[in-house]
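Participant: All chains should be built: construct the whole structure from the sequences, respecting the hints.
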Amino acid sequence: MEDRRLVCTGVMGVMGVMGVMGVAALAMLGTNWM
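Note that UniProt numbering has the sequence shown beginning at 1, numbered continuously upward.
Keep in mind that the hints were calculated from the coordinates and are not lab data.
Keep in mind that a hint or two might mislead.
Said to hold, decoys possible - Quick list of simulated restraints, FRET-style, between CB atoms: (1) Arg4 x Thr31: 39 to 45 Å; (2) Val23 x Asp3: 40 to 46 Å; (3) Glu2 x Leu29: 36 to 42 Å; (4) Thr31 x Asp3: 40 to 46 Å; (5) Val7 x Met28: 30 to 36 Å; (6) Asn32 x Arg5: 29 to 35 Å; (7) Trp33 x Arg5: 40 to 46 Å; (8) Val7 x Leu29: 28 to 34 Å; (9) Arg5 x Ala27: 28 to 34 Å; (10) Trp33 x Leu6: 38 to 44 Å; (11) Cys8 x Thr31: 43 to 49 Å.
Virtual Cβ for every residue (Gly too), placed ideally from N, Cα, C.
Facilitator: Right, dumping it as structure tokens:
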């Protein structure tokens, strides 16, 4: 159970980081196009 919880939190953390990086990349592209 503990391992499964750790895996779930790890996956959520990775997804969160990827989402933040994606938003930052979109913001950078938007500023470059402007």
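Participant: Does the beta carbon distance between tryptophan 33 and arginine 5 stay inside 40 to 46 Å, or does it fall outside?
Facilitator: 42 Å, holds
Participant: The hint says 40 to 46 Å between threonine 31 and aspartate 3; measuring C-beta to C-beta, is that right?
Facilitator: 42 Å, holds
Participant: The hint says 40 to 46 Å between valine 23 and aspartate 3; measuring C-beta to C-beta, is that right?
Facilitator: 31 Å, violated
Participant: With respect to the beta-carbon atoms only, verify the hint that valine 7 and methionine 28 lie 30 to 36 Å apart.
Facilitator: 32 Å, holds
Participant: Lying within 43 to 49 Å: is that true of the beta-carbon distance cysteine 8 to threonine 31?
Facilitator: The hinted range 43 to 49 Å is violated for cysteine 8 and threonine 31, with Cβ atoms some 35 Å apart.
Participant: In this structure, is the beta-carbon distance linking asparagine 32 and arginine 5 contained in 29 to 35 Å?
Facilitator: 41 Å, violated
Participant: Are arginine 5 and alanine 27 spaced within 28 to 34 Å by their CB atoms?
Facilitator: 33 Å, holds
Participant: Does the Cβ-Cβ separation between glutamate 2 and leucine 29 fall within 36 to 42 Å?
Facilitator: 41 Å, holds
Participant: Could you say whether the range 38 to 44 Å given as a hint is met by the Cβ separation of tryptophan 33 and leucine 6?
Facilitator: Between tryptophan 33 and leucine 6, where Cβ atoms are some 41 Å apart, the hint holds.
Participant: Given the hint of 39 to 45 Å, is the C-beta distance from arginine 4 to threonine 31 inside that range or not?
Facilitator: 41 Å, holds
Participant: Has the hinted range 28 to 34 Å been met by the Cβ atoms of valine 7 and leucine 29?
Facilitator: 33 Å, holds
The earlier numbered hints that this structure contradicts are 2, 6, 11.
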